[in-house]
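Below, each chain spelled out in residue letters.
Protein chains: 2
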Amino acid sequence: MYNSQNLIGLILYGHLNIANHYSLVCSVCYLYFVIWNFTRLMQTTITQLFNIQHPIIQAGMVWCSGWRLAAAVSNAGGLGLIGAGSMSADLLREHIQKCKAATDKPFGVNLPLLYAHIDQHIQVLLDEQVKIVFTSAGNPATYTSKFKAAGMVVIHVVSSTKFALKAQQAGVDAVVAEGFEAGGHNGREETTTMCLIPAVAAAVNIPVIAAGGIGSGRAMLAAFALGASGVQVGSAFAVSAESSAHELFKKRVIETTEGETILTLKKLTPVRLIKNTFYEQVQQAETTCASADELKTILSKGRSKKGIFEGDLNEGELEIGQVSAQLKSIRSAAEIVQEIMSEFEAVKKSL
Amino acid sequence: MYNSQNLIGLILYGHLNIANHYSLVCSVCYLYFVIWNFTRLMQTTITQLFNIQHPIIQAGMVWCSGWRLAAAVSNAGGLGLIGAGSMSADLLREHIQKCKAATDKPFGVNLPLLYAHIDQHIQVLLDEQVKIVFTSAGNPATYTSKFKAAGMVVIHVVSSTKFALKAQQAGVDAVVAEGFEAGGHNGREETTTMCLIPAVAAAVNIPVIAAGGIGSGRAMLAAFALGASGVQVGSAFAVSAESSAHELFKKRVIETTEGETILTLKKLTPVRLIKNTFYEQVQQAETTCASADELKTILSKGRSKKGIFEGDLNEGELEIGQVSAQLKSIRSAAEIVQEIMSEFEAVKKSL
Chain Y
977 MYNSQNLIGL ILYGHLNIAN HYSLVCSVCY LYFVIWNFTR LMQTTITQLF NIQHPIIQAG
1037 MVWCSGWRLA AAVSNAGGLG LIGAGSMSAD LLREHIQKCK AATDKPFGVN LPLLYAHIDQ
1097 HIQVLLDEQV KIVFTSAGNP ATYTSKFKAA GMVVIHVVSS TKFALKAQQA GVDAVVAEGF
1157 EAGGHNGREE TTTMCLIPAV AAAVNIPVIA AGGIGSGRAM LAAFALGASG VQVGSAFAVS
1217 AESSAHELFK KRVIETTEGE TILTLKKLTP VRLIKNTFYE QVQQAETTCA SADELKTILS
1277 KGRSKKGIFE GDLNEGELEI GQVSAQLKSI RSAAEIVQEI MSEFEAVKKS L
Chain E
977 MYNSQNLIGL ILYGHLNIAN HYSLVCSVCY LYFVIWNFTR LMQTTITQLF NIQHPIIQAG
1037 MVWCSGWRLA AAVSNAGGLG LIGAGSMSAD LLREHIQKCK AATDKPFGVN LPLLYAHIDQ
1097 HIQVLLDEQV KIVFTSAGNP ATYTSKFKAA GMVVIHVVSS TKFALKAQQA GVDAVVAEGF
1157 EAGGHNGREE TTTMCLIPAV AAAVNIPVIA AGGIGSGRAM LAAFALGASG VQVGSAFAVS
1217 AESSAHELFK KRVIETTEGE TILTLKKLTP VRLIKNTFYE QVQQAETTCA SADELKTILS
1277 KGRSKKGIFE GDLNEGELEI GQVSAQLKSI RSAAEIVQEI MSEFEAVKKS L
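As given, the protein sequences belong to chains Y and E, one line each in that order.
Just so we're aligned, residue 977 is where the first sequence starts under the working numbering, counting upward by one.
Just so we're aligned, residue 977 is where the second sequence starts under the working numbering, counting upward by one.
Keep in mind that the hints are not guaranteed to be accurate.
No distinction is drawn between identical chains; accordingly, a pair holds when it is met within one copy or between any pair of copies.
In silico PhoX-like pairs for lysine-lysine, Cα to Cα no more than 25 angstroms straight-line [unchecked claim]:
1. 1304 with 1281
2. 1138 with 1122
3. 1227 with 1138
In short, the hints are calculated from the structure, not lab data.
Throw the hints in and build the complete structure from the sequences for me.
Okay, here's the thing in structure tokens:
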């Protein structure tokens, strides 16, 4: 799948030198050496699809992933995504233009399809000739052919095998399969990454990008074992130096302990967040059997902006994944990419 | 960690023959051959702890795992567990004695510590000189020293890093860390296997057995990537030929599709089950904000026996994990062990 077998290569290279010293080239070993060199150049279907170095995609996240984060991830050899979910069409255009200026590497835009003025956003993508779009929260059948006709690579985010098959049928190039442990909006079936990835990978014949609970090389390797050929990382990049989230939010996330996030608001759209005063209000409303409309009233105050962008840790909606409990410091996007790749290689060798 | 590198071994063995043909032994390759032979014999800390061939433990499961299943798994090279949770002390004694007669391999007993007549069960374990005990659903500090004094290997099942550290402090030999996707009783924090295993493995210095969502070689490899050195498999063995579950229950489980299980009864003890009429009753009670006592009334009818052992698919409690959606046939315990190990090795080579 991913890559090279350095130790074996080294041993066989050493052997070749010895064999040459005795004027004897062992054909078996030479053949293996050739194969080894070939596998070194091998990429996953995901690195090939996006023409990137590492199969790490930074998730598009409201109030976190503007041009600065996307460009930093792309410059580090991953794929950065501008999260359009918290942007007006004009702001999205500005971010795309700034991202182009900040990197000559491929980057993309994450577009929630349920956006109110979705046509304006789509026009921006077409005007700016964005080459990669990740769609989510809507029906991929509606827009995929339009994006493909414009020459874009189209990926759709799903939370179930059923939706993965629908996305494939709509003509997308790959799917992001996102498990229950992921931060922010999430599926109703609550299927975890461990169960979702092998099921989706077995069902579709397009590449699968795993998401949910992935912020380390260990987790990336686990995702590959399950059948993914790339990973989408959210929480770790949400608290990176280049994330546009408020410093207080970042600090709160890296202090988060196991069990402090919860999937809530299941009567509306399920969302994973850190338990705080806002969550207690939701919880109180649900305990007293509040209606969906009453819950909407609690929500209708720009809660995610308040929490993530403005740093109101009590009244804001602090969207983040379970993996937040493993995050211990604010790092640059490049450090995150490098640390994931190093750990991935080291753990793979130790298995 | 686990294993052997057969392909490399074969190539190097072939090379040794060639080298011998030319009366030349390549010292580099010979050294590697020696190392390879050594690694072939290497086991994980879990296979060493239990003196078993494969690091696969069959979960103790109410109404499924009597002596027949436990002996079959142990005979196949894994570790079988008799699930004491649905047995009287006398019945447990009978199952232990039958298991001893059916296998000369190591096996164990899973003992929920909250059992009403726990002292009687413990006396049976001591009388019968059971060597391995997996404790769950209670405080490991209460009984671990008693078990250790009797020379037993003691493992405790946890759903959080905090409890894993408590179990380690109580003196257990290893922990089972069980994620949200697991069937039956489950933790309140809802941490998934993907997030729980690396956190527990980083926190404790005893071996970690991963549970929740593991029914295939891919998932076992993912668990190893996350830091486990063994896996506990429940759902797949619950529907094995040797499971004492009702045939109708087994059939229902292998027909289960993604999203059909849910973690419910969170006001009492969270449990993952298949959605059916019984679940709808619970759901209805929770929607109308029923108290814990009202929920207990719904439950107080031997629901899990009714569902799993008697095959009442409507009124029974059908406890099973999310991985049930991946199970497609009733296989023998030996087939399950072999298929997991074959896939584990094959996927490991393909990474």
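Checked hints:
no.	hint	verdict
1	1304 with 1281	within (23 angstroms within a copy, 45 angstroms between copies)
2	1138 with 1122	within (23 angstroms within a copy, 50 angstroms between copies)
3	1227 with 1138	between (37 angstroms within a copy, 22 angstroms between copies)
Every hint, counting from the list given before, is met by this structure.
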